[in-house]
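A.B. asks: Line by line, the protein sequences are chains A and B.
Per this note's numbering, the very first residue in the first sequence carries number 1402; after that it's consecutive.
Per this note's numbering, the very first residue in the second sequence carries number 1402; after that it's consecutive.
Simulated from the structure, these hints should not be mistaken for laboratory data.
One should not assume that every hint holds.
Note: identical chains are not told apart, hence a pair may lie in one copy or across any two.
Derived DSSO-like pairs: lysine-lysine, alpha-carbon spacing no greater than 30 Å straight-line [what the hints assert, rightly or not]:
id: 1; residue 1: Lys1645; residue 2: Lys1599
id: 2; residue 1: Lys1645; residue 2: Lys1676
id: 3; residue 1: Lys1754; residue 2: Lys1650
Since the structure is predicted, the reported quantities are computational estimates derived from the model, not experimental observations.
Okay, here's what each chain looks like letter by letter:
Protein chains: 2
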Amino acid sequence: MGENEESQIIEHHDDEEMEKMRTPRNHARSFLESVASSESVGYSSTQSSHRLLAYSDALLSIIATVMILPVAHTKFQDNEELKQSIQALLTTKIAVYLMTFLIVTVAWAAHIRLFQVIERIDDTLALLNLACMMLITFLPYTFSLMATFPSYTLGILLFCACVMVIGLIQAMIVLYGFSRPFFLNDQIQMSENQAYYKRRILEVIMRVPIMCLFASIFSFIFIPLSYIILAVVIFLPYISQCLKWIRSKAIGGQVEDSPDSVPFYTYHPSEPLSKERVEAFSDGVYAIVATLLILDICEGNVPDPSVVKKEFDNSLIDALQEYGPEYLAYFGSFATVGLLWFVHHSLFLHVTKATRLMGLFNTFSLAFVGGLPLAYQLTHEFPRGSRNELEAVQISCVIIFFAGLFQLAMWVTALFTERETLHPYVRYGGREHTFMLAKLSLYPCVALGTFVFTCVLSRFSTSIFHMMEIGVPFAFLLLRLLVRVALAVIRLLFCPARNDLDSVPVEEEDSQLPINDIVA
Amino acid sequence: MGENEESQIIEHHDDEEMEKMRTPRNHARSFLESVASSESVGYSSTQSSHRLLAYSDALLSIIATVMILPVAHTKFQDNEELKQSIQALLTTKIAVYLMTFLIVTVAWAAHIRLFQVIERIDDTLALLNLACMMLITFLPYTFSLMATFPSYTLGILLFCACVMVIGLIQAMIVLYGFSRPFFLNDQIQMSENQAYYKRRILEVIMRVPIMCLFASIFSFIFIPLSYIILAVVIFLPYISQCLKWIRSKAIGGQVEDSPDSVPFYTYHPSEPLSKERVEAFSDGVYAIVATLLILDICEGNVPDPSVVKKEFDNSLIDALQEYGPEYLAYFGSFATVGLLWFVHHSLFLHVTKATRLMGLFNTFSLAFVGGLPLAYQLTHEFPRGSRNELEAVQISCVIIFFAGLFQLAMWVTALFTERETLHPYVRYGGREHTFMLAKLSLYPCVALGTFVFTCVLSRFSTSIFHMMEIGVPFAFLLLRLLVRVALAVIRLLFCPARNDLDSVPVEEEDSQLPINDIVA
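Produce the complete structure using the sequences and hints provided.
C.D. replies: Now the structure itself:
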């Protein structure tokens, strides 16, 4: 049985995909056959939407992360206190970055929902989706325009226009999809009240552009009101969900929409999100963050031949030594991003279903990961030994800490509904449970530890910090060993009676023993 | 039968994946069971490598494309002739970009080959792969250092050191993989001469670092020689393949390596490349190119509030009008990138197996796609009506033309071995054949047409060019109609006898008639 589980772990990912494929398959064929006779013109190239969604995820993840660049490229004066500069930044640029990230992820979540309903595409839908993507990638610009000129009507108008057109295109996609039912999710395709679903989905989608229309109208009359409306747009689903929950608690009855409500467009915290797309989006963010650093290095750090000749006596080594800290910072940051990705990857390997709440924590985690280029920029900007250097390291620690913490939060959320969302291996008491916990808490612990160090030691430098960052991977390699040693120690302390059994069959016992209770 | 094919088109992608999964599955289980008893410590978390590879593809595609930024951000003087500036650029920056792209894609191809042999991973392999990625992302920098200081030893040494460490890590991955056979490809796992494969793969992998070692030694003695060695490293597989081919032709006998040679590490033009990874890499390149534009806009085109106050009398509209052409350029470029992706997507929907030669053409096509940010930068940089403006449009046309042409070349290559590589639908005489041809040749034709226009008309402007770019999607929507009309016209001209049958059942005939012969 142990070995059975052993092999399941490779397969559960595949299994899921297989299951997903198998069911649609047969229906799709029968449906196509039945439909083909009546509708024979032009839809011959119905396609799986897999790659279109992967491409959309890549675009959206890059766009979400890109707004960190204006933050990271801000020049700090050397004599200035970093704390003050950061505070000045916080009020505008960082806030804009976080808001853009939030807006893009909201648009992305809407996109997921839409394409959970429409599962197959043709050329027209692909082109409509590309148009939608084009406007979503333009959103960050209009938003930063709005944020830079908060008292101008034009910024609000542009932003609202963008959102409205996106909403209209999504509505067109829905209408087009419902007019050719073989594009739809099988559950809806089989259902008898398609018209109800269509109306409900259109209602949800059109809510946003209609509110933006109001916001743009109010921008001529009273600008603050239109900002309030825009804020409501983003939080609307959460608000309405809260209200519904409160109402259901107050009245006591169960407020169901319809006898067979779809699992989509409900905004329940446990609404399923496509796990594949959450992974793809996260991969995109991690990849672009890792490479933003090398992008800076490639553009800025190749010395000019004439400069080398004049200032460094033709010695390239001397010229490059000037950039020394940046290389170290690059490797350190890449290692951090790579390992945070690795933790994310390990976690999602054991997650069988992603829910909205997990998606939310994932978004928060990614927003902090997106802040890493700022940390990188700060840590190599200041001269050695300055107060600013210490503060830069502290800011980096805070960013890494929260990025890791929200990953941990995802797992904890998953643990609450572990029967549905987690692989048996990492459930409470499973044999990988402790190891997973250790993996997920390594980065928060390291970041916290480093933060404390910087407060205590005055001679802590960024070089040490980057060396530490590069050293963490080895901690990951040692982790399995460390966890086992820790478990053995705990066992020694708490169950001294079983001492004699301890030495040989450690591996087999881990899975059976409720030793994890003691740890957790 | 017609409908059967109709549904196949949605499924053939899935089918392929299913098949791939089903076979490994059973072996993996049996192998794990047999191995688990003997090797019980530490390898419990064997994982599917799917997401690791997706992440690597994302990283590599971004890195490959990033070196276009120094090219695109070059400032041109307004009074300077564009042709001369471009020529000056060509000698260094563009060459560096193309070489980096080539080097990264060679590294990527090596990575594909490696992970076609090692199909399952664990934490150690994942971390080794991340280390490998870290060094590959550093390659472009060392290469541009080498290109900027061609007469310095240090540049060559750094580049060679990078390549050598990458080679060593790959060798470690192979050794680690072969020491735990359940990580391996099933064909090798089942085979009896694993030792032979291991030796052969290590030989191929170690060739590169060994040659780099020689190159770095020679850099102290005679620098040109080390450049020759480095050039040989990249083209080595092609050269040795050519030599082998010539030898086999000269001797006449069949020169087989071994009775059951693996399909990997052969460097045959028909060696299979993982189609999934070619798609993922291409998606990454298209996504980053599409977003490089918005990245520039977000950083550079939000006007400063103080400037608006001073220069534009507090009128935001006036201030933004200055950037007008850039927005148009953004939308035009995004549409172009998006549609080139769309064509690529349509093509790969019908491709059942990607070969090395197709991969090569794909790389060329992507290298030109990566050049689009340069085209974008050029087309909005110059004042209206200048000679430079026309030349900028011409350069854009050339870039788009070749990007499209190499996509077409991929299809033509696939047609040569259509039984293995193409879905029946788009094979010579299939019902989607003509439509696919039209789709693939649309961009080369449009680019060629525009180029001719710019030569003939003196009043052609970039605005018209960008409007055209935005207009092309509608051509795609009309394409199916256009193709059908064109076919009808051709039929009218060449087979006037069958005139009377033409009017109604056009759709059904397309697939049966050898009308495509006339077109092709």
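A.B. asks: Hint by hint, note whether the structure agrees.
C.D. replies: The hints, checked one at a time:
In this homomeric assembly, Lys1645 and Lys1599 come within 30 Å of each other (Cα to Cα) only inside a single copy, at 22 Å, whereas the closest approach across copies is 62 Å. Only within a single protomer do Lys1645 and Lys1676 lie at most 30 Å apart by alpha-carbon distance; the minimum there is 26 Å, versus 47 Å between protomers. For the homomeric pair Lys1754 and Lys1650, the shortest alpha-carbon distance inside one copy (27 Å) is at most 30 Å, but the shortest distance between copies (57 Å) is not.
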